[in-house]
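**Q** Given chain A, work out where chain B should sit, using these hints.
Chain order of the listed sequences is A and B.
Quick note on numbering: the first sequence equals residues 90 to 174 in the working numbering.
Quick note on numbering: the second sequence equals residues 1338 to 1803 in the working numbering.
Because the hints were derived from the structure by calculation, they are not lab data.
Fair warning: there could be bad hints in the mix.
Computed cross-link-like contacts, PhoX-like style, restricted to lysine-lysine with a CA-CA straight-line distance of at most 25 Å [to be verified]: (1) 162/A / 1671/B; (2) 170/A / 1432/B; (3) 1618/B / 1590/B; (4) 1382/B / 148/A; (5) 1747/B / 109/A; (6) 1368/B / 1609/B; (7) 151/A / 1568/B; (8) 99/A / 1671/B; (9) 1429/B / 99/A; (10) 1429/B / 160/A; (11) 1368/B / 1429/B.
Remember, predicted model here, so these are calculated numbers, not experimental data.
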Amino acid sequence: MTVDVLSSIKGAQPSETVNKLFEVIKNANLTNNNSFNNNHNNSVSLNNLREDVVIDSSKLEKQIIIENFPKEKNGYLVVSKVIEE
Amino acid sequence: MDSQILKIHQQLVDQELTCTTLVQSKLDALKQNTNNTVNALLDEKALALATKVDAKIANGETIGLLEGIPFGIKDVYMVQGTITTASSDLLKNYKSAYTATAIQKLLDAGAIPLVKENCDSFGHGSSSENTIFGAVKNAINPDLVGGGSSGGSAVNVAKDYTVFSIGGDTGGSIRQPAGYNNVYGLKPTYGRISRYGLMAYASSTDCVGPIAKSIEDIRIVLNAMSGQDVKDQTTYASAEIDKEAISTSEDIKTIGFFKNFIESEAIDAEVKADFLAAIEKIKAKGIEVKALDFFESNTLVSTYYTLAMAETASNLSRLDGTNYGNRIEAENLKETYSVTRSENFSEETKRRIVGGNQVLSQGFSDEIYLKGLGLRDQISENFEKDFKEVDIILSPVTPSTPPKIGDSLKDPLAMYLSDAYTVGFSLGQLPTLTVPQGTSTGLQITAAKNNDELVLKFANFLKDTI
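So that you can see chain B by itself, here it is in the shape it has in the complex:
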């Protein structure tokens, strides 16, 4: 699909459409939607901003590319004055005191925030069922999950309720729902976009990223949000990605895929066949394809979850009803903390906090947590070695198609294992894009660290190839 941002921008400039009409129609669609994608509508703010854009156009002033473009925000981002719940009971009345850097950059560019979007509570899930706002329903088949944790964001984009949405990806939370709903979703290189104002899940892999319907829209939004930020000292300065620079792919000579992903017993026969067919089409274009060795899915999933649980146990310890959150009084302070957390966290969130405290506690940390860190280093080294041999790594997004609503909550281990193809790239902090092509849940394109441009370049090549 062509860029929706460019199309709407032109319609606004040519006065074929007013920004107020556009924003109102999107708000109406969001309000009526039955996919449970909305935690809160930002209707007053959105309409006030739209009126300003219309006035500017009427005055003959020029508007920026993102000015007047309506977008959605996963409900884990701070937007000053709005309720930011993380889809949890604990923060259901929490009002953001400030605005996240990534969101502020979009607001500065004139984009219009429409909605705080439903997701798994604190990012804890792969289906957007772990939420107090009701399970997000898949855009293509509402009996299936919307994917997670940025499920509401992916469904809103797929349904055209938002032009683009900002998700958060810790172990696949942008890429997997993008795949489940046939849209594009990018997890940039860790540190390219500031995490300031994103509610922390696992700080060492948390990434901010866009979900959209075209590569061009991903590029525009990525450029707008990128950059060093003193409020997040893991950020780095990056060059803007030029439209022309990603339009040719002559410098991509060799790509790789992980043998064990495809030979795994867990992969759906159709996903496997489609993936191999895509590989053949790429080979036919004269690109060399190498089969690479990688870690077993079990090791990847276990390493990721061990480290993510340890980090989330630490990050969520502040949610005690005294510093933050919906306080439940009990007979003494200790009981108050404990009752507040027991009553207000979901089963999945509690499972992860308890797991995290287990691995961080004395006697366990060496044989599990520190070993997990060692495995992560080995995984990163493996990627460095691979990217000396290939320019791009291509993988399926998920081993199988989206589960029915209700199934993931019954079987958490199956849910964790369904992240097998996404978590490795998170641990490696690598730029990875889901494209809605190749298999029924899409393909992932990964490049070496800081090489987000190459990912978009290859996506353009794939668009014309398969």
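Isolated chain A (complex conformation):
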């Protein structure tokens, strides 16, 4: 799939400037070639997981969400559809 389709941006082309950055990465010298050997992650301890409960939004929050929604049809908010091709 081309980048314009992937990005949903009409006529998008890879940029020369950005390609220069990628070239640096391609040519970089990686001493330890295991990117999953990551000791710096920010994992959450099981004790700190949040409670598995539904928290109802306030009336004002719900009203603003509806107000913001770009499209409404027959009283329903229209949400995005995944395009598979």
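**A** Same frame as chain A, now just chain B:
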């Protein structure tokens, strides 16, 4: 400079100044300002809150330290009921449904929000020119850029339009504009302050932080915003930083600087000379200074931008005119997404989204994205090794002085490379403070992860040393 928060607090308590007068004068100054720092004024809300503070004082009630202190908010933070544009066409009518945790904590402490501040769209830029509200002009010389992406916030603080402002820092977006406008700006350790309600740019390095005119104000605001938040599971619990604890620096024995930053051809001769002079003054105080090896600027900038673009491509995919944003109808759904995004994103934002999708796509991800992650791990390991040898790393904030308005948009590669000294500390998730001293764009003080206290301690030492 002494703490502005303490000074105003005392004036309010002593009834030398009413909160309403204070807030009104700041609102007037913001309204009249010609530096393009304002996306929206929160005047009604601010004045209503100020009236409440005045009533409390008149009743003889005690007020908290931050109560009645006017502040600014970069226009990427949710504040319920206010328009949050991220300086973009796509969200120019978007109303926040809830309030960001960091901002809520300040509101709970009684601070008064005045303004949503101009910045680079979605944080995409180092000059605050990538905005639909006009380029932010530097506080010291209005022909130059205000820096970015939190340019409006830094200029507002420098001009005293706000007492402090809350910026966002992904690769230097608090520290660089702070340096360009001669104020303090802190990027805390990643996870110290909740990102909930901060519009995501690159989630693995996005940080919330304060910009202010004194170390004490940075400390007060940092303490108010810090803490674990179930709504951002990358946050951690941290102890409050005590005023006394940062007033002495006897435990700082050794500092380091990166040789290649200073030996680079890109560094301005004056910035280099000033930095080395600052190092000499520190040595004269009996502190050992070590020259450290580090990654080339090119590698740092490329690693940061590769990962940040991949993350922003993913984060901004929800902005399609159906879930969020200013929808532009076209002949079918696919066209509607595409036209909405093509027309509403700026050139710089599109460049980053396309770059991100490029590295995440099949055939590219291994040799670029995964390799970038590997490089990031190496950079982090390098920092861990360095902080076994030194307590603090000192660096210039930028290789050169702020560019003229218009120049960065013409040359994006030069703009990316101007972030060479800030992005490494973002990748390492380290606490880093810009102080308005040492070089014309300041100095950066960095400590090991979770050691924000040591950064402030060394800043106090520098204040008296250079």
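**Q** So which of the earlier hints does this model not fit?
**A** 6
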